[in-house]
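Asks: Mind docking chains B and C on chain A? Use the hints.
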Amino acid sequence: MNLIASLAVGLLFACGVRMVLERELVRVACGTVLITNSSVLLILAGSFPERGEALSVEQGWPVTDPVLQSLALTAIVIGFAVSALLLTLVHRTQRAHGSLRTDRLVEAELKRVHAAEKGEGR
Amino acid sequence: MISFVPPLSRLLLWPSLIIALSLWMKGGASVGGGFPAGALAGLAVLLQYVTAGRDQARRFVAVRYAAPLAGVGLLLVVGTAFLPVVAGYAPMSLFPRPDQPEIGVGGLHLHTALIFEGGLMLIVFGLVVTVIDRFALRTGGEEEESGP
Amino acid sequence: MPILLPILLALACAPLAYVAGRWRTGAAAWMGALGSLAALGALAWEWTLGPGRLVLPWAPSWGLSLEFTRDGLSGLYSAMALGVGALVVLYSRAYMPHHLHEEGRPARDEVRFQGLILAFMAAMVLLVTVDDLLLLFVALDLTTIISYLLIGFDREDPESRAAALLSLVLTGATSVVFFAGAMTLGLHYGTFSLPLVIERAAHDPASTGALVCLAVGALGKSAQVPFHFWLPRAMAAPTPVSSYLHSAAMVAAGVFLLQRLYPLFAPATGVRDGLLAIGFVSMGMGSLMALVADPFKRVLAYSTIAQYGYALVLVALGSEGAPLYVAIHAPCKAALFLTAGAVTQVTGKKKLSEVGGLRHSLPVLAGASAVAAAGLSALPLTAGFFKDEVFFHALAQRGPAFMAAGLVGAGLTLAYTLRLWWGLFGGPRRDVPAAPRLLVAPVAVLAGTILLGGVLPGLLVAPARAAAAAMRGEPSTLELAYHLDARAENLLAVGAWVLGALLFATRRAWTPALSRVLEGTSRFGPERGYRLLLHLLDRLSTWLHEKEVRDLRDRVASVMVPTGLLGLAVLGVTPLRDRFKVGTVGWADVTLVMALAFASAAALATLRAKGHLRLVLLISCVGFSLAMVFAFAAAPDVALTSVLVETTFTLLFAGLLALLPPDRLQHAQEEAQKPRGRDRLAAGVAGASAFLLSWSALSHLQADRVGARTVELAKAAHSPNVVAAVLTDFRGLDTVGEMTVVVAALLGVTSLLRLKGRR
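Protein chains in written order, with the UniProt record's numbering: chain A, 1 to 122; chain B, 1 to 148; chain C, 1 to 759.
Excised from the complex, chain A in its bound form (with noise of 0.2 Å):
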């Protein structure tokens, strides 16, 4: 089970990484959530092998730990939140810049960047 679980955080991570160094800023985004889900999954996985009743238990039920489950919503919580602000920026660099994608902001930002600087040496 442990082998299992951690082979799916694993596999979450990578495609999420692999999607974060995609050229386009909506795959960017998606890659940060499956980043975010991985760890979620993470986090909770070190309840599976004893898992049980979740809530009000009576003595000697096992017990999923809910320490581990706290976590694990504040993860998910945080993580909406972050992904909706992400979602907002991906808007809005879209606004601003009328493209979605990285090398193009790159290249407004060395371009702004060449600009500054003439006009400081003059």
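To be clear, the hints were calculated from the coordinates, so they are not data collected in a lab.
Since the structure is predicted, the reported quantities are computational estimates derived from the model, not experimental observations.
Where a beta carbon is used, it is the ideal one built from N, C-alpha and C, also for glycine.
Keep in mind that the hints are not guaranteed to be accurate.
What the hints assert, rightly or not - Non-contacting residues of chain C with respect to chain B, defined by C-beta distances greater than 12 Å in every case (computed):
{"id": "1", "residue": "104"}
{"id": "2", "residue": "399"}
{"id": "3", "residue": "436"}
{"id": "4", "residue": "591"}
{"id": "5", "residue": "618"}
{"id": "6", "residue": "638"}
{"id": "7", "residue": "713"}
{"id": "8", "residue": "717"}
{"id": "9", "residue": "745"}
As the list claims (entries may be wrong) - Derived Cβ-Cβ restraints for the label pairs, each shown as a range:
{"id": "10", "chain 1": "A", "residue 1": "92", "chain 2": "C", "residue 2": "108", "range": "31 to 41 Å"}
{"id": "11", "chain 1": "B", "residue 1": "110", "chain 2": "C", "residue 2": "601", "range": "41 to 51 Å"}
{"id": "12", "chain 1": "C", "residue 1": "661", "chain 2": "A", "residue 2": "116", "range": "49 to 59 Å"}
{"id": "13", "chain 1": "B", "residue 1": "115", "chain 2": "A", "residue 2": "116", "range": "48 to 58 Å"}
{"id": "14", "chain 1": "C", "residue 1": "676", "chain 2": "B", "residue 2": "12", "range": "46 to 56 Å"}
Replies: Leaving out everything else, chains B and C in the frame of chain A:
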């Protein structure tokens, strides 16, 4: 063709909100709590945006003032966490304290954790609704500017 | 807590002045001056209460506390900062409108300027009142930062920006060195409280390294060789800044530090000899440069370097007169700076060669500045006489060589002061419009103070003795009086006057040669090294920037890959036996495994997804499969939240796709399908590292966990839902922090997508 979706979604709004409230109230005792409650309430409003449009959805006060509601939620959260400090307790002390008797009305237990969870709910609700609202405004409203 | 009263009043000045300035621009200066005078009054009242200390515990478990002291040193320096501060703020009321008009800036910026001056004053009062190494550093950096803003106040002017940066870099870097010294001392003695450190240092002297670090911080602040070159450049600032920061406040801070920490330096004769040498070099260098400099503010700047060289010599000799010297020098130099500013405003000129003969048009200013100049060059009947008396007294005890050096220094001082005053006011008559009264009044007040101190030296004795006692930790027997006999001090003073007068009289003979020599040597000074260093750093940063920014993917990969390798390295160096356990898979786990497999398959499919909508659906597939995993793992709260969040997120993502223009999406889609080999490699390394790390972590779960304990405690916390109990009660502060993150994200969203955006 008259779609059955808009009336259905309008029908669904209040039940979803009530379920969200119940998720909040019962969070201390069974599955639920502030996060899912806020997310569910946000989802109910999102449905209104999708089916009825921004103007219809903004008839509700809670939707128009979603971002300030999140501020209120943060105040509730921080207040519950740190007001006990004023009274000489450790931060994040909830009442009734473990050694005090519970106060209950019927099946409902009154606990300051409820206020805390309410704050969480308002914050999550505020975030979801604000993002939706801003997105909806952009899709519905202005023309796309051309990039440089 | 009366000790805090002057500090609090001084801190209140800037906000009060700002509020007053919002009401009416001119009110800010009067409000600020009133506030500083109130603080001065509070200080005088405290003076009657005698010395005292105040300790506010801050983090007692770490031995940190906020400590303040009221002794002679803090009283003397606070009075200096507050008194000169009040006058300078009033002066700026008359000076700044003209200056701002010339710079083409709105008149309301005057309030900003006065607010900054007052803030600097508060920082200075704080610096001299704290009695704790860490707070000392904090206050020191506070003065550095505000001085940056003040020197660079004319932000449109590149020269003034560069000067501000230079002073920030130099004083900032040296104050970091000071911090290193303070930390060394604090860790060595186990406390940051200054009296305790000094007490423990009495048995166990401080290390030379720490003392050198402290001294470097002080030298940087006081513009002593080799850190002196920031001061002349800083003259690009508006004149009120120069007259405050570079006479009574910022440069005084360095020498003040040495005086405050003097008991630590007392046993270290080696360090003190070094300081002595630096003091004499600064003295000579500053005086010579002041003799040839043409812009009159620069003359004063070099004179400041020289005068603080005197003060440094006095500290290094352990003289009782060191605090008195700084305190008397401050009003003289401030008055001369203010005079320079007034002359520039009236004539529009900044160089000695361009002005002259103003004594007929500006009689009051000429008279007042003559008194200040006499004070600076230590003529009798001014307070300045006593600053040289204590100086000569300290030198006379060390021998003839020191006396000769002192005589030459004092002679040079008289020569350049005469040159400055004569250059401004002497020579053929020139008529200019009268200066505004508010420009002249502060100079007159300062001159009056200097005269009062000179005529009634008894007034100076009590504060000077108290400050000397605070510095040296023993009662002082300092005497200030005129003696009409042939003692060494008097002979030296007379000799200095003769020398100065001679130099002034023959100035046309030696000035060209001297300026050529100094110009030649300045080519190889530390300033050149600084410029070279800055240039090299600039090149390096440009190179790095170009390299890094060229491709964003490389930037991400350059974080991800080393992190992954680091994780693998961690696994590599730990023994592998029993590191990985495969774990058992029972029948009950089949559903879980299936859900995991589904999630993994969906994740893999996202890589090949064509079209954005498909991509989003696959992402949500991953999310829902994981929600299923959570449900099977008996975590209903997580599963419920996950489902709801995932639904919302999918809809939002779809909304985003609707927002983006379709042709651009299409375009991006076509471009994106060409992955690079090294991206695959990076993803592989990161994934493998994540896999191995999580496997190792999951194989070593603690058997006895916190979770079991929370289950027991949840009942007591009146919350049958253990997860809710953990979230709201046991780890409640975490949740508060989390909510702050969510609200921050909300604020980000609202500010990025404003309802009525400008764009």
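Asks: Check each numbered hint against the structure and report the violated ones by number, ascending.
Replies: Hints 6, 7, 8, 9, 12 contradicted; others consistent.
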